[in-house]
Structure formats: structure tokens, C-alpha cells
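Chains as they are written, first to last, in our numbering: chain A, 1 to 278; chain B, 1 to 278.
No wet-lab data here; the hints were simulated from the structure.
Ideal Cβ placement from N, Cα and C applies to all residues, glycine included.
The calculated label-pair distances, taken between Cβ atoms and stated as ranges, are: (1) A:Gly263 to B:Pro129: 30 to 40 Å; (2) B:Ala78 to A:Ala185: 52 to 62 Å; (3) B:Glu60 to A:Arg237: 38 to 48 Å; (4) A:Gln127 to B:Asp32: 40 to 50 Å; (5) A:His151 to B:His151: 51 to 61 Å; (6) A:Glu229 to B:Phe176: 24 to 34 Å.
If you want a taste of the chain B side facing chain A, the calculated C-beta under 8 Å gives, among others: (7) Trp121; (8) Ser122; (9) Leu172; (10) Pro175; (11) Val218; (12) His225; (13) Ser246; (14) Ser247; (15) Phe248; (16) His249; (17) Asp254; (18) Ile273.
Only pairs whose alpha carbons sit at most 20 Å apart, straight line, appear in this in silico EDC-like list of lysine to aspartate or glutamate: (19) A:Lys87 to B:Asp82; (20) B:Lys87 to A:Asp80; (21) A:Lys87 to B:Asp80; (22) B:Lys87 to A:Asp82; (23) B:Lys277 to A:Asp62; (24) A:Lys87 to B:Asp105.
Number of protein chains: 2
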Amino acid sequence: MLIRSPEIAEHLFDQATRVSAGDSQWRGQTSDDYWAFIGPFGGVTSATMLRAILEHSQREGDPLSLTVHFCAPIARGAFDLDVRLIKANRSTQHWSVELTQQGGDVAAFATAALAARRPSWSHQPNQRPDATPFEQTRRYPKSHLGMSWVHQYDFRFVEGQPALDGAPQTTLASPFSKLWIADTAPRQIDVLSLMSMSDTLFGRIFHVRGELVPFGTVSLTTYFHADSEDLRSEEARQVLAIANASSFHKNYADQTGELWSPGGRLLATTHQIAYFKA
Amino acid sequence: MLIRSPEIAEHLFDQATRVSAGDSQWRGQTSDDYWAFIGPFGGVTSATMLRAILEHSQREGDPLSLTVHFCAPIARGAFDLDVRLIKANRSTQHWSVELTQQGGDVAAFATAALAARRPSWSHQPNQRPDATPFEQTRRYPKSHLGMSWVHQYDFRFVEGQPALDGAPQTTLASPFSKLWIADTAPRQIDVLSLMSMSDTLFGRIFHVRGELVPFGTVSLTTYFHADSEDLRSEEARQVLAIANASSFHKNYADQTGELWSPGGRLLATTHQIAYFKA
Numbered sequence: 001m002l003i004r005s006p007e008i009a010e011h012l013f014d015q016a017t018r019v020s021a022g023d024s025q026w027r028g029q030t031s032d033d034y035w036a037f038i039g040p041f042g043g044v045t046s047a048t049m050l051r052a053i054l055e056h057s058q059r060e061g062d063p064l065s066l067t068v069h070f071c072a073p074i075a076r077g078a079f080d081l082d083v084r085l086i087k088a089n090r091s092t093q094h095w096s097v098e099l100t101q102q103g104g105d106v107a108a109f110a111t112a113a114l115a116a117r118r119p120s121w122s123h124q125p126n127q128r129p130d131a132t133p134f135e136q137t138r139r140y141p142k143s144h145l146g147m148s149w150v151h152q153y154d155f156r157f158v159e160g161q162p163a164l165d166g167a168p169q170t171t172l173a174s175p176f177s178k179l180w181i182a183d184t185a186p187r188q189i190d191v192l193s194l195m196s197m198s199d200t201l202f203g204r205i206f207h208v209r210g211e212l213v214p215f216g217t218v219s220l221t222t223y224f225h226a227d228s229e230d231l232r233s234e235e236a237r238q239v240l241a242i243a244n245a246s247s248f249h250k251n252y253a254d255q256t257g258e259l260w261s262p263g264g265r266l267l268a269t270t271h272q273i274a275y276f277k278a
Numbered sequence: 001m002l003i004r005s006p007e008i009a010e011h012l013f014d015q016a017t018r019v020s021a022g023d024s025q026w027r028g029q030t031s032d033d034y035w036a037f038i039g040p041f042g043g044v045t046s047a048t049m050l051r052a053i054l055e056h057s058q059r060e061g062d063p064l065s066l067t068v069h070f071c072a073p074i075a076r077g078a079f080d081l082d083v084r085l086i087k088a089n090r091s092t093q094h095w096s097v098e099l100t101q102q103g104g105d106v107a108a109f110a111t112a113a114l115a116a117r118r119p120s121w122s123h124q125p126n127q128r129p130d131a132t133p134f135e136q137t138r139r140y141p142k143s144h145l146g147m148s149w150v151h152q153y154d155f156r157f158v159e160g161q162p163a164l165d166g167a168p169q170t171t172l173a174s175p176f177s178k179l180w181i182a183d184t185a186p187r188q189i190d191v192l193s194l195m196s197m198s199d200t201l202f203g204r205i206f207h208v209r210g211e212l213v214p215f216g217t218v219s220l221t222t223y224f225h226a227d228s229e230d231l232r233s234e235e236a237r238q239v240l241a242i243a244n245a246s247s248f249h250k251n252y253a254d255q256t257g258e259l260w261s262p263g264g265r266l267l268a269t270t271h272q273i274a275y276f277k278a
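So here's chain A without its partners, still in its complex pose (with noise of 0.2 Å):
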């Protein structure tokens, strides 16, 4: 008897961030399932360009850390990709990715650092923060953002939800949120969809002040502190995540966050400096 595999659609997180493979020269697509205010959601945009750097053939060990600079719009349609492998040593490399549109001006660029990472001692001080469990937690209403990278996630808020669906505060709220993130068609976390996720954490400025306002992610650096085999073996399809900020001053602000297994492991920590208009 012929058993034949159920098909298997491919998730649109990896439609969204595939890469077509050159030398140097690696092409992706933006995606309008994960699309933001004008234009594709940073997130899926810093898992692309991490995305041709894992898929290059000189590519050894698992990322340590990506940085991602925005500089300008990214239109609708194809880029380009400028991958390089700047330096590598017996267990390190330092990679750099720049993304082109049409031959035009940088819009964006990454660099990584990427590491076979072996047995060593082990520590880690803080334990994941408590938490009702996800299937336990509110489902955040997507209504009340419109924009469709939104839809691909599903949040649920502990702590810090933001009061986005009535008027403006009148009085500031804090800056900190814990939320569970899975995507919203469920798939298991890896170093990509880790890497997005780390880019979910909502403005910390909507929360704050409970309204929208212009706002753009300026440079972003996630740290990963857990290789691929220790993503496998989580086999985590949501994570627990930790969100604040510390200055909101001259049109900038930081932001700050944790990404925790369901288990008990920290898995990323990210960073980043946005631009907003208040």
C-alpha cells in the first residue's frame, strides 16, 4: 500500500523570508503578508537577510548576534542582497549583508556574527519570569492594529497590554510588557523566526503615552543564546517574552527585550534605537 505524506504547505513565514541563492548576490522578495506602516515588517526583513547569510556555502556554526541598520523605505517587490563573509577564524565568522533595490542606495544592512558554539560551563542567573500559561492567556484583538504582520502573530498579553482601542491616556503608562508570541499558524521556533519575533515587541511608546505615533526601528541587534540544537530540543512553538524601554528623549528611544522558552530558556535578548514624532 503507497502511503503518501500529507502535503505540506509551506508556512508563509518561510515564503516570506526566502532567498534565491547566488554567490554574492542573493535576491529576496517583500512580502505583503507581513506588511507594516510603509513598508514590510523589520522583523521578517532582518530574518531575510539572516536567512542568505545561513544559506551561503561558506556559512559555519549558529548566529551569535545580528545587527540590523533601516535606512531607508523599502518599496514593494524584489532586493538585492550584497552578502560577505568579512572574516572568519577557526570558530567565529563576521558576516555583512547590505540590501539594494534597482541598483539603488543601501535601504538596509546587517551585520553577524556567527559561531560553532561547543559544551562549556553553563549558567544562566535569572529564571524565566512567571506567567499565566499561553493557552490560559487572552488572545490580543488584532482589530485594533491594522496592519497584516500583525495578523501572522498571536500575542498574549500577561502584563502591558497596550490601551490602544479607546482615547489617548492622560496619564503614562509603564513602558514594560510581558506577552507570550507564537505565530499565528503555528510553527516551531527556529534562529529566523526567533530573530522576527525579536523584532514583535510593539513601540514602547504606544504603551507609555497609549496612542500611535510615528515611529520607525532605527538599528536593531538581537543575541541568541541558544544554538540550532539547542532550538530543536526545545521544540518551542511560542515564546515567553519581556519588554521595556529607559529614555524617550530628542525624537529616540530604547528598547529592550527577553524571549524565554516555554521550558525555561532564554533564548534571545534584543535591542534596539527607534525613531519617534511626540
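Following the hints, complete the assembly by docking chain B onto the known chain A.
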């Protein structure tokens, strides 16, 4: 009567971070005064790369972020800095700097975002942590660490001083520290010294284990929450720093820090991923 202005000796930090002008090619030189385990102190290398951007004729605005990748040991002596303005917008600039020696591989590279910051809504959710005043805090004895760069800074631990003067600890200590940091030869804090100070926080593993182990920063990002006008008005000669870490795993650990002015302004936040052997 002729009044001679006093001879102002150039600060060692300014000597150490000096660059000579070029168009895209700048030159710098390592400093024996800021030497670490096996190469120049990374904070001074970072500040030197930032200086090449700030002294470039096309530079506009103040730094928002600097990310530095340390790829290979930098040998004692001269180095070249390839400075490139990747993209300029109306109020933002994105730069990269590559450091090479004698035409060889890239030993370090940096990316920076700059912006002309304008008055806006301003909010600092947290207050400066409490601390005994700088003058009343005991100076950290330099004898514990022989490297020359440590002698250029005046460290005064309020909390979490590393126990490096005896036998290794038998129990693990906290990675958290709170300390004052100043230049040993007093110097008003500007964006360059702030950049360098952001890399002076000792490897957290030294604190946790109470011993020195092989350690090296792989990638470092510092965000600036004050522009040059803010820094001038603070007139600070020391910062109150907070340092912490959240994961030591498979030879790599993170590290985070906050640098506060004595007057209570958050000047910079800093994050890095570092190699360790333990």
C-alpha cells in the same frame, strides 16, 4: 604683563584615540596606555572608530548607536580605517568603519547611526539608581588587574565588586555590579569617552566565578540617549554604571550596562556578546 595660558597636556585618552584625516582612508595607532590581555582595549578601539566618523567632513548629527565587531587580534602599531557613509537621510546617517593593518584582513569593524536630534516629548521611566557619592566610594585597587587600560580608569564599586584577590570562589556570585567610573586623569565626559567607558565593565564571568578566565568581546552595541549638547550641559566627569548578564552558555555570554550621569540622566546603554572559556 604677559599672562601665559597654562600648558594643557593632551589627555592620554585623546592621544590614544587620535586619527589622522583622509577621505575614506583614515589612520590610527594603538596605545600602550590602553592595553588589554592580548591587544588594545576594545573601548579605545571603538572610540577611535567613532572618532573617525565624527571628524569626517560629511558627518552630521550625534551618534545614536555604535556596533563594533572584534574579529581578530589587533597588533601593536598603526592601523587603517576605511570610513564609509552608507546612507544619509534628512536627519539620519548610517556609517561603517573597517579596521585593517598592513593591507591584511579586517580586524574590527563598526556600524553607526547618527542623527540630528531635536527637542521632543521626553520621558525617562526609571530614576538613577541610588549610590554612595563618588567621592565617598572606595577606589578599586588596580593591583588586582595588571593591564594598562585598567589604570586609566578610576573604578569605585558601590555593589558587586569582583572577588579577584583570593582563591576562586566556591559558590557562584551575582553578575550584577553598580559602580562609579571616571577617567583616572579627570576628563569631562563626551560621546567618545562614553563609548569607551561602555566597554570598561569587567566580564561578568569574572564576577560570577571570582576568577579571571579567557574572555573576549565578539560584538558590542552602545546606544546614546544624550546628544553632545546634553553631554556638555551635564558637565560630568564620572558615570554611575550598572552591569549585568543573563546567560553563560556554550562559550558565549551576554552583558548589559547602563551609564548614568551623576545628575540623574541616562547617558547610554550598552550590550555585548562575549566569548569565554570555562
